[in-house]
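Residue numbers (this note's numbering), protein chains in the order written: chain R, 1 to 459; chain W, 460 to 993.
Just so you know, the hints here were simulated from the structure itself, not pulled from any lab data. Any given hint might turn out to be false.
[Stated by the list, open to error] Taking lysine-lysine and the BS3-like style, the derived pairs with C-alpha atoms no more than 30 Å apart in a straight line are:
| # | chain 1 | residue 1 | chain 2 | residue 2 |
| --- | --- | --- | --- | --- |
| 1 | W | K929 | R | K298 |
| 2 | W | K747 | R | K60 |
| 3 | W | K918 | R | K298 |
| 4 | W | K808 | R | K46 |
| 5 | R | K105 | W | K553 |
| 6 | R | K295 | W | K929 |
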Amino acid sequence: MLFHIILREIRSNILSLRMFLALVLALTVFGLGTFIFVVNYQIDQKICERSRQNTIGRMKEAAAKSLIFLAHRGLNLDFGPRSNSFISNSREDNLPVRFAYDSFKVHNFYVWPGRNPLTDSCQPLDWMFIVSIIISFTVLLLAYDTVSGEKEARTLALSLSNSVSRGLVLFGKYVSVIISTILVLIPGTILSLLIILSLGRISITRGTLAEIGLFLAITILFVACITALGILASVLTHRANVSLVAALSLWLLFVVVVPNTALYWAQSLFPIETMENVTQRINMEKENVEKGMPKGWKENRQSIAENYAKLENGSLAAEMRIRRDWYNQMFRQYERTRLITALSPISIFEYLCEAVVGGGYLRFRKNWRDMNSFQPQFLEFVKATDAKDPESPHQLTPYSWSGGSRKPADFSDVLIFKEKAPSIHERFSHAGIYLLIMFFYTAAAFALSFVLFIRYDVR
Amino acid sequence: MILNIAFKEFYNNLLTARFTIGFIMCLFLIPFSLVVNLKDYREQLKGYEIERVKTEKSYQVRVYSALRPEIVRPPEPLSIFSKGISGNAANKFKIQLDSRESTADGYETGRENPLLMSFFSMDFCTILVFILSLFAMLFTYDACSGERESGTLKLVFANPVHRWKVLIGKLIGVCLTLLPVIIFCFLLSALIVLLAPQVSFSAGEWLRVALLIPVSIIFFGLFILIGLLFSCCFRASSVCILLCLFVWVISIFIIPNMANSLAKSLVAAPDNEDIVTVNLQLNREMGKKIAEHSQSIRKQVGSDFFYWSGNGGEDGYTELAGASRNLMDLNRLYFEFVEPLRIENAEKKGVGEKEFMDKMEAQMKLANRLALLSPTDVFRQVSNTLCRTDDDTRRLLYYESLMRYRDVFIAYLKAKNVFSSYEYFTRQPPETFMSYDEIVRVRSGGQFNSAAEFIKWQKEHGGDRSPLNKVPIPGTAITDYPPLELTDMPIFECKSPSTLGVLRQSMGKIAGVICVELVLFFLTFVCFVRYDVR
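Next up, chain W with everything else stripped away, as it sits in the complex:
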């Protein structure tokens, strides 16, 4: 009997104009949303490839002071289905000694034009939730009230059939109508992804996509029940549709936007300027210490600043060759003191930065919690978690593993004792170091006997260094040395959260939805049993 009713409902639904329109919308919008996101993903991939090539060069260094591993994160393929915040964060990180901050530069999702940030984009899950939740309600709003209006409900009840059987039959009928549409949407999207060039999903990723199906069915069940409840509560179907549509608009447009703005006003927005000021102060203090130390070692070693070839850059990068022994010693003593100090300073600066991020996270978490009022937003959050584009995954994958890797990398440098070795800034073996006098004597082929003579001559000739080109000394150019062998260097790795863990994480939300569904079903049942069919 139940099946009979269900099939009748199913055929009825199939013949309606709303089914045709809904199906056509799915047919057009789902492929379109996927094409849009595939394009975006491919742009990201292009950016990633460019950055990755550059990153490989970051290991081709000759001295340890230049060794600052760069990490690029590949774009998340599942962001095609659910974008989440994957497009907001930078994708390239550089491990540095004097900063713990990890939000470095890099391609921002291939959007070269910052103005495009103001265009919002939608993904598969958004479109699915928009259209299907609307149609779930459109199919159920007149299930009971509509039949009452047309007078068929009386006829149905005149048969020897329990009211609950009719209700279950109707429910199954609607599910039968929507289920094929949902599955069709997913199959279509899978087909598009399979056919798309440059995109390939692993088995685990397909599993996550497959998991989206039951999750979306659970969510659409909620909308079906809401529609059914209204239909059983009110006598006129026009009232039911109105209430359904208002619930839909509030749930999709009002609550998520309001939650975000409200969270912003409830959790005090952190001020970037504070961090800038504190960091400036910390840097100044450190600078003072470094300056004092430099003076003292200069007194100790003496200071001539002669080097034949050299290079330098950010975060302590210094590379020398053919320098005087004094300068080499000076540098060694300098880095031995400075580098640990900079690491310590980074820890201090990291406190403020972490607070900043914590506040941002608190704001986001509150917004998400407030948005739980809207069933569609719950679906968004769950699908983001499943597609690894939510904040928890970001933190686990990048922030935490990056911090861990930074610690491991620094421990590696410390274990090799590079800060107090010459290898930190030069590859020239210490036994080949010469004093300034010697260098001048050898290079000038005996024209000058001491550095003082040369300096005097140089002053008279307007800074000319050409006499030193006479006799070359081998191994005094930085390019004479091959890159460092870094076979024992730790490699960055990050484990993506397991599917099971993700499920457990979303379990609470899904269980909540199921509970609400049970309550709604109970209410619908009560209303339907008490429904006045006249």
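If we strip away everything but chain R, and leave its shape as in the complex, we get:
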């Protein structure tokens, strides 16, 4: 019976105009979006590769001059575009993708400097965008009149007069909307993949295929969630056009209002220290370190180099402690704000996609952590090389240049940071809470619509 209901619903959906329009729109945007992605990816890749080469060139130059020059050389680390960002760009255009570091510290992070400041922030037309806007919209269009529309056409009473439980009818409708939506989605993704393969500029590895599979799984979950909400809007009212307005309002709330008010929540609910304050604290700590030095240490000629090293290392450690604390405040602010935006299934879907492709904030945090554990290794390397030079005073300090080896270093030994994609475990732990919320949402919406449908007056 269930199978029968589903089949009938799908058949009527396939023949409907909305499905046709959605299919045309989805195919167009998938095609154009992927094409634009391939072109832009190459442009970004080229620019980022150059910046990376220049950084390595600077390192080589510094190493050829002297070890101490290399140790103090301020370097940039850029994370280029991901080849799988056609699935989801995860707002990497607006997230920090550049770290500034030298051998003593990882100083700061920046948004890509080549970003055009004159254009509004926009979202690239990746799969995630298409699913979260076009597909979710299609789902609503398919779902808004499943119950109220049939009631108006008076077919609902006829359906229910058969020996079939109401729950089964509702579930049949629910599943059929999901399947119809997938029928809209699949041709688009195939077209997109075909474009990527035929242009041949981006290789699709086994990992990417796995990510595509996961993306589709998450999309089904997301579609299930939106369908439940659409059916809820449908059983809430007795008239199809009212349930359409209700569904659209809900959609507007989730797509536009909740994600776009994040900045407000961040600023008002989770304020962080101002930069002024942090600078002041750093200066105070530095003064304290200087005060803590033994009296008259500047006059003591014998241990002056040692004491200088102690002072400088001490004040750098103090500064970095405060900075790290401040950065952690930023991370917390960002994460908490994201939890608030998890009110909207569309935001949740975005975060889940981020976990699937290992991009966006997940990638940023992973790289930041890796970078912070890489930098001590780099310093260790500098120290070890310095120890080999008998002429060096062996007093490496972060600000002055006199305490290290002045001999050139062999560049082939120099450590270079390599980005690692987040592991399965990291991705899963990133996605865990959002998955739970999404499940909860779907279950709650479906349960509510089930209850309302049982009590629905078909007359």
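Let chain R serve as the given structure and place chain W on it in line with the hints.
Showing chain W alone in chain R's frame:
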């Protein structure tokens, strides 16, 4: 008769659930969007105040080499209504001799956390356009097809009334429904702005807000006509609503985002690294010239580097007092040569930077042109222009006036001939300069007769300078002098574009929309006259 129909439509609309839901959404979202943006504006204002206090200190200098005017731009109050790109650009600029670049540091809209850049935000105009364009279509999609389905259209036409009168009546009816909502939204927002602390609009700013009303009415007219056209073209209202919704989604979500990405791939993105490399090369060349010159003047004047008190910093800042005459002469000759050279170098570097910005602008302009396909984006562009948050205003207000001010400032320095005067780096009158020998003799109270003696003694005692503390010479500390009197210094000023000019700028877009509306109206009219009511 027309009015009769219009009022009937109006009452009909008022009683529908969609009107209630739409009105409630406006009631909640409009105040909320304003509160969000007021908060953002106040944060910006806070940042601005902090920076402004710092800026005032930039004029409290004792020598001309330290005089580098800093300019902070106040946040744009109208960004509460339409944000535009006002949040993307830096708000603090420093005029420097060796760089024309003006995108300096400063508070980035009070967003200390760069991660927050990835959260998008919406403003009053966005919300207005989202909700009202949707409701404009929802009110019109069944104006004709819906009445046909319910069979009332036949009855209406059975009366002695022209079809065009019915059409106009329906149009007026929808306008009557939407107009109060639009005006209500604006009144509500004006009230919120009036009640908000720390925010005050000038008369000109209120005028711009008022101008937003007719502009938004014109734009919603477009959506009303689109809905009406679909309604008159198709027989089933469910088809009309579908088409309307697809047009809406494409116009709001797809076209603007696609335009931006497409513009990025069509106009080659400029590479920052190029500029860095070119500038490095230019700086190196200049450095070579400066080094040669330094050697030659050192030979000419001789070199002892004694000064009693001094300070230095970026962009040529040097301040000396109690220095030996040789060092003073050396510095004067140095700056006389170097500063004009640095200004010239800045011009050279400026070429590449300007190209970079030009490309960015070309990219943005193309994106805007592509986005003209979407009526909502046209509205966004017009409202940004009206609210002074678009790129043209930014360029006029800041980039161009800053460049002009830089030229004026440099001309001022040149007119005063400061580069070749001692005043550039010291306030000590030239007649009080002493030679190194003299300074040592006076300061040590006769312990040493010449600099050579002192240097020898100093070497033996590990760099000790204490014997020179015996007899102080007045006027040899940089802090002995008051700040410069800068009454004749040019002041930065920028005129904001006049309301009339802004209107003229947006005229093309508004006229385009009106033309499209006329065409749509004509088509609707034709379809309606030919409409089969059976």
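How the hints compare with the structure:
1. The straight-line distance between the Cα atoms of K929/W and K298/R is roughly 22 Å, inside the 30 Å bound, and the hint therefore holds.
2. With a C-alpha separation of about 23 Å, the suggested pair K747/W and K60/R falls inside the 30 Å cut-off, and the hint holds.
3. Under the criterion of a C-alpha separation no larger than 30 Å, the hint pairing K918/W with K298/R is consistent with the structure, at around 17 Å.
4. In summary, the hint linking K808/W to K46/R is supported, as the alpha carbons are separated by about 24 Å, within the 30 Å threshold.
5. A threshold of 30 Å between alpha carbons decides the hint, and for K105/R with K553/W the separation of about 29 Å falls inside it, so the pair holds.
6. Taking the CA atoms of K295/R and K929/W, the gap is near 25 Å; set against the 30 Å cutoff, the hint holds.
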